[in-house]
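The listed protein sequences derive, respectively, from chains A and B.
Heads up: the first sequence runs through residues 5 to 271, numbered per the numbering used here.
Heads up: the second sequence runs through residues 15 to 315, numbered per the numbering used here.
Note that these hints are calculated values from the structure, not bench results.
A virtual CB, placed ideally from N, CA and C, is assigned to each residue, including glycine.
Some hints here could point you the wrong way.
Coverage of chain B stretches by chain A, computed from C-beta distances (three or more under 8 Å per stretch; other residues unrestricted) [said to hold, decoys possible]:
hint : stretch
1    : 50-59
2    : 67-74
3    : 175-189
4    : 277-291
In silico EDC-like links for lysine to aspartate or glutamate, alpha-carbon gap of 20 Å or less [claimed, not checked]:
hint : chain 1 : residue 1 : chain 2 : residue 2
5    : A       : Lys137    : B       : Glu31
6    : A       : Lys12     : A       : Glu267
7    : A       : Lys134    : B       : Asp284
8    : A       : Lys137    : B       : Glu154
9    : B       : Lys28     : A       : Glu267
10   : B       : Lys181    : B       : Glu215
11   : A       : Lys266    : A       : Glu88
12   : A       : Lys134    : B       : Glu49
13   : B       : Lys54     : A       : Asp136
14   : B       : Lys172    : B       : Asp294
15   : A       : Lys107    : B       : Glu95
16   : A       : Lys134    : B       : Glu95
17   : B       : Lys54     : A       : Glu13
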Amino acid sequence: MDSKKLAKEIRKDVLLMTSNAGAGHIGSILSITDIVAVLYGKIMNIFPKDPKNPKRDRFILSKGHAGACVYACLAELGFFDKAELENYYSPNGTKLSGHVTHKGNAGVEFSTGSLGHGVSVAVGMALAGKMDKAPYRVFALAGNGECNEGSIWEAVAFASHNKLDNFTLIVDHNKIQSMGDSDKILDMGTYAEKFASFGAYVMEVDGHNHAELATALKTRKRGQPAVVIAHTVKGKGVSFMENNNLYHSACVKGDDLKKALKEIEKQ
Amino acid sequence: MRNSVVQTIVDKAKTDESIVLLTGDLGSNCLEIFENAYPKRYFNCGIAEQNMLSMASGLAMEGKKVFIYSIGNFNTLRVLEQIRNDVSYMNLDVNIISVGAGMEYGQLGFSHYATEDIACMRTMPNFTVMNPATKYEAVECAKKMLATKTPCYLALNKKGVEVEDTKISGNPRLIKDGKGIAIFSSGAILKEALEVSSIFEKSGINMAVYSMPIVKPLDSKNILNILSKYDYVFTLEEQTVIGGLGSALAEILAPVKGKKPPLHMFGLNDEYISTVGNRDYLRKEYKIDAKSIASKIKKIF
Numbered sequence: 005m006d007s008k009k010l011a012k013e014i015r016k017d018v019l020l021m022t023s024n025a026g027a028g029h030i031g032s033i034l035s036i037t038d039i040v041a042v043l044y045g046k047i048m049n050i051f052p053k054d055p056k057n058p059k060r061d062r063f064i065l066s067k068g069h070a071g072a073c074v075y076a077c078l079a080e081l082g083f084f085d086k087a088e089l090e091n092y093y094s095p096n097g098t099k100l101s102g103h104v105t106h107k108g109n110a111g112v113e114f115s116t117g118s119l120g121h122g123v124s125v126a127v128g129m130a131l132a133g134k135m136d137k138a139p140y141r142v143f144a145l146a147g148n149g150e151c152n153e154g155s156i157w158e159a160v161a162f163a164s165h166n167k168l169d170n171f172t173l174i175v176d177h178n179k180i181q182s183m184g185d186s187d188k189i190l191d192m193g194t195y196a197e198k199f200a201s202f203g204a205y206v207m208e209v210d211g212h213n214h215a216e217l218a219t220a221l222k223t224r225k226r227g228q229p230a231v232v233i234a235h236t237v238k239g240k241g242v243s244f245m246e247n248n249n250l251y252h253s254a255c256v257k258g259d260d261l262k263k264a265l266k267e268i269e270k271q
Numbered sequence: 015m016r017n018s019v020v021q022t023i024v025d026k027a028k029t030d031e032s033i034v035l036l037t038g039d040l041g042s043n044c045l046e047i048f049e050n051a052y053p054k055r056y057f058n059c060g061i062a063e064q065n066m067l068s069m070a071s072g073l074a075m076e077g078k079k080v081f082i083y084s085i086g087n088f089n090t091l092r093v094l095e096q097i098r099n100d101v102s103y104m105n106l107d108v109n110i111i112s113v114g115a116g117m118e119y120g121q122l123g124f125s126h127y128a129t130e131d132i133a134c135m136r137t138m139p140n141f142t143v144m145n146p147a148t149k150y151e152a153v154e155c156a157k158k159m160l161a162t163k164t165p166c167y168l169a170l171n172k173k174g175v176e177v178e179d180t181k182i183s184g185n186p187r188l189i190k191d192g193k194g195i196a197i198f199s200s201g202a203i204l205k206e207a208l209e210v211s212s213i214f215e216k217s218g219i220n221m222a223v224y225s226m227p228i229v230k231p232l233d234s235k236n237i238l239n240i241l242s243k244y245d246y247v248f249t250l251e252e253q254t255v256i257g258g259l260g261s262a263l264a265e266i267l268a269p270v271k272g273k274k275p276p277l278h279m280f281g282l283n284d285e286y287i288s289t290v291g292n293r294d295y296l297r298k299e300y301k302i303d304a305k306s307i308a309s310k311i312k313k314i315f
């Protein structure tokens, strides 16, 4: 599917899913939607009907709270039935938990939710790929707030030291985290410089520009892991949600939902 | 016992190419045999245990059989959430080996006592939790890790307790037969358990001594049968008395209706002391040396 069309469908799905559930991290989900759509739509080698195919590229969502985006993307691509999305976050038993889980969900590589784990897991997969001379690439997506976690830096140090050029970390840099503006909570300075100093090949892109994302995500530098700093907008695509941290974990209903869906449809 | 375990893994790695060994920058004079034999399957991950644990899961996801080596607390308590989310929940073939079990690293100080790891690891679903006392037990535990595809935890000492035990099987393992009273221990503190039994022997009481290298999972029925043979049962561990071997046996006994032996648990009480010394010194200070245990038992029956 064309990545732009995929992103649009995901945005509509996740608005309905979170609205139906009355919960979910919609701001964060919309922030990563273009990144996920470009990865699945343009970059990764995927096998929706054979999700464990050893040749597949691997994707781990380290910021597990944005899991609805991955569920919607996988359903749109036919990994599982789209009707299942209605069960997202269901109080009466569901496979689709708020934080992304692999159990029973074809295409989800790994369960996450506690920040700072998924990047290291992805590095382990990349290391295995190198050891086995396997052709697959491994992508991990972390949030900029998540980069407060020390384990992120441990993982990138290891990936650089071991020359894991089959590994790409994408940082969803929307500059907001759970309780507010990142620079006011824990100012991490410039990510590009920091990751470069850890030995990674760093690229900075507009995280909603599909062409820029595609170019960066295709790029591999021999002997170096790649880090793509994707500058994003939390709540992207819905005017009243953009950069509004109320929607870190709120959802929309009624007229607001209609308005949001209408805005997405027009894009 | 430490070297024998690594040798057992090295031997198996000759035919099992999926075996990978990760260390958190510890294991000099021990891991070299693996590193020299299989340099491409050996990774010193630096002093970065969080990454090492999650990375082990990533490797295991891709079909590797992963061994992790570090000192007790650094690859358990420090990374308990990585173990919980990435290894236990995912049920992966990740095998965690700790050295310096219990208070083996006495003089190094409190930070290096592995005295809560067994209790913590016992709460992790899918894990086999092992705390061997002798070299033979340790090698048997290593073979178990090599034979299973599910996560394992193994606490090791540099040297095992010296007992002639190669013909004893099962878990619990009857190290010394006795009647009426029995002491069950796990790990290197078996040495004290045997001494307790010797103290009682002098007054004509034959106390049975069991070693339990496997703390989880346990065959409840078998253990209940064994426990029921005695009038008094004691447990001894170089661990917090909360949540370890004693608790595991208590969990088996508690729901039993009718006649059952009372169970008394010995281990580290819910406190830390402020002096350090070698293992023997610390056992006396914490009152888990043979003499202290024997006098506590005398007051009980």
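| query | Which numbered hints does this structure break? | reply | 3, 4, 7, 8, 9, 10, 11, 16, 17
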